[in-house]
Each structure stands twice: as C-alpha cells, then as structure tokens.
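Q: With these hints in hand, go ahead and build the complete structure from the sequences.
Heads up: the protein sequence lines correspond to chains A and B, in order. Take 1 as the starting number for the first sequence in the working numbering and just add one per residue. Take 1 as the starting number for the second sequence in the working numbering and just add one per residue.
Don't read these hints as lab results, they were simulated from the structure. The reader is advised that the hints may include incorrect statements.
Said to hold, decoys possible - Under the rule of at most 25 Å between Cα atoms (straight-line distance), these lysine to any residue pairs were calculated in the SDA-like manner:
#: 1; chain 1: B; residue 1: 31; chain 2: A; residue 2: 45
#: 2; chain 1: B; residue 1: 19; chain 2: A; residue 2: 173
#: 3; chain 1: B; residue 1: 20; chain 2: A; residue 2: 15
#: 4; chain 1: A; residue 1: 19; chain 2: B; residue 2: 32
#: 5; chain 1: B; residue 1: 20; chain 2: A; residue 2: 143
#: 6; chain 1: B; residue 1: 132; chain 2: B; residue 2: 63
#: 7; chain 1: B; residue 1: 39; chain 2: B; residue 2: 55
#: 8; chain 1: A; residue 1: 20; chain 2: B; residue 2: 37
#: 9; chain 1: A; residue 1: 38; chain 2: B; residue 2: 22
#: 10; chain 1: B; residue 1: 31; chain 2: A; residue 2: 23
#: 11; chain 1: B; residue 1: 38; chain 2: A; residue 2: 173
#: 12; chain 1: B; residue 1: 39; chain 2: A; residue 2: 47
#: 13; chain 1: A; residue 1: 20; chain 2: B; residue 2: 13
#: 14; chain 1: A; residue 1: 19; chain 2: B; residue 2: 132
#: 15; chain 1: A; residue 1: 183; chain 2: A; residue 2: 109
#: 16; chain 1: B; residue 1: 52; chain 2: A; residue 2: 28
#: 17; chain 1: B; residue 1: 50; chain 2: A; residue 2: 28
#: 18; chain 1: B; residue 1: 38; chain 2: A; residue 2: 27
#: 19; chain 1: A; residue 1: 19; chain 2: A; residue 2: 42
What the hints assert, rightly or not - Some chain A residues close to chain B (C-beta under 8 Å, calculated; not the full set):
#: 20; residue: 35
#: 21; residue: 38
#: 22; residue: 41
Ideal placement from N, C-alpha and C gives every residue a C-beta, glycine not left out.
Number of protein chains: 2
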Amino acid sequence: MNAIDELTESFSRLPGIGKKSAGRLVNFILKADTSYVKKFALQLNTLQEKIKPCSVCGTWTEDDPCPICTDTMRDRSIICVVEQPQDVSTIESSHEFNGLFHVLGGVIAPLEGIGPDQLNIKQLIKRITEEKVSEVIIATNPTVEGDTTALYLQRMIAAVSDIKVTRLASGLPVGGDLEYADKLTLARSFRGRTEV
Amino acid sequence: MNAIDELTESFSRLPGIGKKSAGRLVNFILKADTSYVKKFALQLNTLQEKIKPCSVCGTWTEDDPCPICTDTMRDRSIICVVEQPQDVSTIESSHEFNGLFHVLGGVIAPLEGIGPDQLNIKQLIKRITEEKVSEVIIATNPTVEGDTTALYLQRMIAAVSDIKVTRLASGLPVGGDLEYADKLTLARSFRGRTEV
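A: Below, the structure is given as structure tokens:
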C-alpha cells in the first residue's frame, strides 16, 4: 500500500465519503498548494489536544469554561439543553437565544444501550439546584428518542425544583408546504396551534 | 477563529464539501479514535513529499520511474495516453490493458489558456521515436477537448512515425438504456457500430 492508498483509506473513513470520493480528494491534495496542505495536516493533528468539552456545559471549547459559560452579558437564568455539542453552534448561529447551554452528549436510546446514566444529566440537575435558573428549554431533536429524553428530563427537574421547563415548538417548517408535511408533523402543528 | 473553525475552513476547501459537511467532518474528527486522526494528519502532511510524477510516464508514484514503467512483464510496445494521473489507476483497475501509460496532464483547452505546450506531449513524441512502440491508444475523455487533443496527437504522431494510433471506443455504456442515451452518444454508437 503506497502513500496514495493510505490517505485514500483514511479519507474514506470519514462519514459520507466513499472510496471514489476519497480518491478524488487525494488527487486534489496532490495538486493543492503545499502551504494549505501543511496547515490542514497541522490543524488535524492538534484538534483533539486543543478542543475539550467545557467542564460546565459540555460543549466543545478551547478554553475551559467555554466563552458562552463565562460571558457575563448572557442571561444566566435560562439553560437550553441540547443533544450534541454541534447543536450549540447551530442555535448560536440563529441569534435567537441569549442564555446558557447544557450538552447531554446524546439521547436516551435503550436499543443502543444508552440510558440516562450515560448522559450528562447529573451535572444539569446540579446546575439547576445550585445556580439561579428560572427556565430550562429542552431542545433535543423532535424524534422518538428526543421526546423520550425531554419527558425524562422534565420529570427529573420537577422532582428537585419547580422552575419552568419548556420544549422547542414542533410543527411545519417555515417555507414548507402542507402537501409535503408528514402526518406526525401535521398532527403536532394542529395540537400546538397558536392564536393569530 | 478557534481550532474547530480553522479545521472546518480547511475541510470546506476540499472539492464537493460545503460548510455544513465540513462541520460534520470536524465533529467526527473530534470524537474519532486519536490514533486514526494522528495517522491521517501524518499521511496528509507527507503525501506531497512522498508522491511525485513519474519522470517517464507522468503518473503519481513513490518510486521513480513508477512500478508500471519498470515492470518487465508488461507489453512495452503499446502506450495508452490519458489526461490525468488518476486515469491510470482507473484503467489499471479494469485489468483490460497490459501496456505502458503516458499522462498528458490535461487537454488542449484554448478557453482556459491550455495549449499543446502546457501538456506533456514532447516527452510522448520522444518515447515514440526512441523506444520500440507499435501502437498508441489515445484514452482522453470523449469530450470536445478530449477529442480535439486526440486529433492533435494523431497528427503529431503521424508526422514522426507510421505506427498505429487508436482511440477508445465511444458509445452506449454497458447496462445503459437507449431511452436515456443522449443524441451525441447515440450518433457515435451508430457511426462506430460493429458486426455481430
């Protein structure tokens, strides 16, 4: 196996990249600007050393605690609970939320052997009881597992505190078309209808 | 810009990978096995040093001349001319050809400012006149530029030698459907029809 085959093999282990695309990427790298390739390799080599989960909220960060947890301009009384670290950047890019985050690291999925103990839930309960939190927004995905996890969290929080627990609205996506909405989404948009 | 954004930026410079996919790949790298990521970074870092164009045929190789050019079991009287180094591995994987290769490094494309002088043509003529070559198979792509280049090469070769110059057959792909064939391909498959 030569250097081309080895790099092709590494590229094809990335999600969504097959053997053919990997070959194309290696050909691109062969002809690419050397300074770009060197920088790319260095970034790849040091990423895992530089980036760690924030000890407070669990999102990926270079500094611990992360810039969001240490930002004094943010509303520290609202915590938005998400499944994955990347969900934090998705919500941040919407500029719709100015509170703090908490990353679970997954959802309750018994079939995959993931129970509440594998998730970052204890730390969330600790934050709720020790800090002045007035609302928890549960922003797990609107899937069976996400909904189950939301329900579980709501009960856990209710057992230790009487703060407001909310869930992101689920319904028709903006710009979508009734015709293409699936039954479940449509049903949920009826149940969650709001007054005009 | 933190380490995540920097690596996302580098990933998104790869062909066919947008900003969102790049973000997904970085998240995969963050959670991936460290030994894999380290190996990947090393392979990326050393690829361009290890792999060079073969001084005889122009394909990517670790050893110069490449294993194909030095293989004494191959038919050294036939040279297959291709556009890009990756075409060599595509043809090799078909196990249909046992001769030598010659990589042009592109095709004649006046609109992009690529004329015959930018291509590896002189070296091809040198090989034809100095070595015992009996046939040149032109395997440039069946595009306007590929066909133009094939015609140009055929004339250049005819000027210095009377060896056989052939072109890969063009027509309906195996497993294809007449209904979906474009007009040009269909026209070419009529002109190139063979007796049953």
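Q: Taking the numbered hints from earlier one at a time, note which ones the structure violates and give those numbers from smallest to largest.
A: Going through the list in order, the structure violates hints 7, 11, 14, 20 and respects the others.
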